[in-house]
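The chain contents come next:
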Amino acid sequence: MKKYLYIFKSELMSNLQYIFDISIGFISYCILIYIFLNLWQYVYSDPSEIINGYTMKQMIWYVIITEILWMSLSGRKYNRKICNDVKTGNIAYNIIKPYNYVEYSLFSHLGITTLRFILVTILGIVLGFIFLGSFPELTVLSIIGVLISCVLATIINTLIITSLGLISFYIEDTSPIYWVYSKLILVLGTIFPIEYFPKIIQPIIKYSPIYAVSSAPAKLFVDFSLITFIETIIIQIVYFLACLGITHFIYKKGVKKLNVNGG
Amino acid sequence: MKGVGSMAVITVKKLSKVFKVKVKEKGLKGSLKSIIKPKYNIIKAVKNISFSVDKGEIIAFIGPNGAGKSTSIKMMTGILFPDNGTIDILGLDPSKDRKRLAYSIGCVFGQKEQLWTHLTPYDNFKFFGAIYDIPESIVEKKIEELRELFELEEFINTPVRNLSLGQRIRCEIVASLIHEPKILFLDEPTIGLDPVVKEKIRTLIKRMNKEYKTTVVLTSHDISDIEKLCKRVIIVNKGQIVLDDTMDNLKYHYLNKKIIDVKMKEKVNLDDVEGINILKDKDYNLKLEVDLKKKTISDAINLLNIDNIIDINISNIPLEEIISQIYKDGDK
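Quick mapping for you: the protein sequence lines, in order, are chains A and B. What the first sequence shows, in our numbering, is residues 348 to 610, in sequence order. What the second sequence shows, in our numbering, is residues 3 to 334, in sequence order.
Hints in this document: simulated from the structure, not taken from any laboratory. For every residue, glycine included, the Cβ atom is placed at its ideal position computed from N, Cα and C. All clues given are correct.
Across the chosen pairs, the derived CB separations fall in these ranges:
| id | chain 1 | residue 1 | chain 2 | residue 2 | range |
| --- | --- | --- | --- | --- | --- |
| 1 | B | Glu115 | A | Ser395 | 56 to 62 Å |
| 2 | A | Lys349 | B | Lys24 | 41 to 47 Å |
| 3 | A | Thr575 | B | Gly93 | 52 to 58 Å |
| 4 | A | Leu605 | B | Gly194 | 21 to 27 Å |
| 5 | A | Ile581 | B | Arg102 | 32 to 38 Å |
Not the full set, but computed from the structure, chain B residues with beta-carbon under 10 Å of chain A:
| id | residue |
| --- | --- |
| 6 | Ile81 |
| 7 | Phe83 |
| 8 | Arg102 |
| 9 | Tyr105 |
| 10 | Lys114 |
| 11 | Gln116 |
| 12 | Leu121 |
| 13 | Ile133 |
| 14 | Pro161 |
| 15 | Phe187 |
Build the full structure now, drawing on both the sequences and the hints.
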């Protein structure tokens with residue numbers, strides 16, 4: 348475990364050199380939040396109105412949190428990196444190191460994500476406070492609970508994207524698969540809470556990985572309860588274990604197919 | 003075959019590897035056809051090779067492009083799985099004990115970076131120490147030792163991205179030595195370097211081999227690397243070992259030929275003399291290739307007439323030429 352923490356630390360140190368460049372990338376985050384602010388202000392004619400169980404402020408905080416999770420993940424870049432590792436044979440040079448490639452990728456990506464998460468969270472909270480003037484009801488317990496859920500969500504999401512990238516062992520380009528995944532997250536997990544969807548598909552979304560990686564921590568942030576927290580953490584732990592198993596399985600099968608040409 | 007004995011750290015027996023490569027007929031029609039009915043070519047990259055390497059040896063494992071040397075090295079390091087045959091590296095099977103083996107071997111691939119470019123060499127070395135589970139105090143001592151051996155003082159705290167290629171390769175080698183590997187695989191470590199830096203790298207590899215008794219398996223297209231570092235050479239061509247011999251044998255006996263450059267007072271006619279091949283004949287300067295199986299050097303000098311010689315230089319055939327001849331022979 349110590350070596351993986353060192354991988355995490357090295358990636359964090361490495362990215363600290365580019366803190367300014369990373370921050371510039373968050374301009375799009377500000378624009379997005381501004382758009383959603385206007386959209387929900389238009390939908391909620393009266394700010395005290397409740398639609399599908401959410402006030403306007405809760406809706407905007409919900410989007411702020413789901414967007415923090417998505418923006419800090421930088422999934423497209425990570426998916427491309429895993430793909431390139433497989434395609435260029437770079438993965439081979441990780442094989443001969445005394446660590447597992449899946450865990451190496453996970454901790455290395457968490458190193459980048461942690462820095463991005465801190466930066467975009469500060470930005471999100473400042474923006475939310477400026478636009479809305481207040482936070483949802485928060486306690487020390489709820490903040491810790493939301494943070495745990497955010498960490499688990501990021502780990503699960505990283506593992507899913509790793510699996511999608513590792514499909515490169517079998518097909519030439521995995522970016523279309525990633526594209527579908529990212530759009531599902533956007534539609535079903537980022538913009539609207541599950542209560543906005545037809546009753547019939549709500550349980551499907553709730554027990555899908557999309558809920559575990561995106562909606563769940565945001566829902567906890569806007570409406571924390573101990574029962575929801577425990578339920579969320581159980582779902583996330585199950586998904587974490589399942590995703591870890593699947594990613595290792597794809598890697599183990601795929602690496603046997605590895606052809607490293609040239610040089 | 004050299005190196006067989008109780009000291010062997012690498013033993014390869016009847017190793018083979020086959021690749022399935024997709025083939026496509028030309029044009030759009032060919033592309034469509036390959037979707038519906040893909041065709042594959044079977045490429046035998048490595049065919050039944052056997053050899054062993056003793057502790058502390060520096061061996062050259064060379065061959066023309068596509069000869070199968072990199073595939074063999076990748077099987078020895080555990081990157082690729084062999085189709086047939088066995089590999090024993092320090093008592094371990096690379097395809098089964100890859101992780102355990104990783105602690106005992108080091109690899110430097112001249113064309114691939116293993117260092118974190120945004121970190122300094124020092125941070126990189128600490129990173130490698132951590133992933134090989136080496137206690138911090140030992141890593142510090144090791145870095146200090148290697149810093150001196152590889153003369154890294156000037157740039158140990160400069161981010162890798164700002165280093166020259168030569169400096170980076172030195173750091174790559176050091177990073178591979180942090181965990182004190184017993185075997186070091188160097189795949190084209192001097193590629194793209196200028197002659198002065200190449201020389202430096204060779205000196206450092208030699209020094210490291212002497213100091214730590216590390217076994218080195220070197221692949222390089224630069225014959226000087228091989229000539230200056232290796233005592234033994236294994237040449238692979240078309241997936242087979244075509245030569246496994248000491249460098250001395252290769253140099254002096256393989257072709258049994260010497261080159262004589264001579265400046266004469268008067269012209270001498272050596273046409274049609276058995277065992278002598280005239281390479282150049284311009285004014286009073288002659289360049290001869292003497293086949294030692296047919297003529298001795300003294301016979302050749304007698305034919306030139308010793309009183310007729312102003313200046314003479316006798317040399318071996320350049321190693322590069324010998325090796326390209328072996329490559330060509332292998333192609334026949």
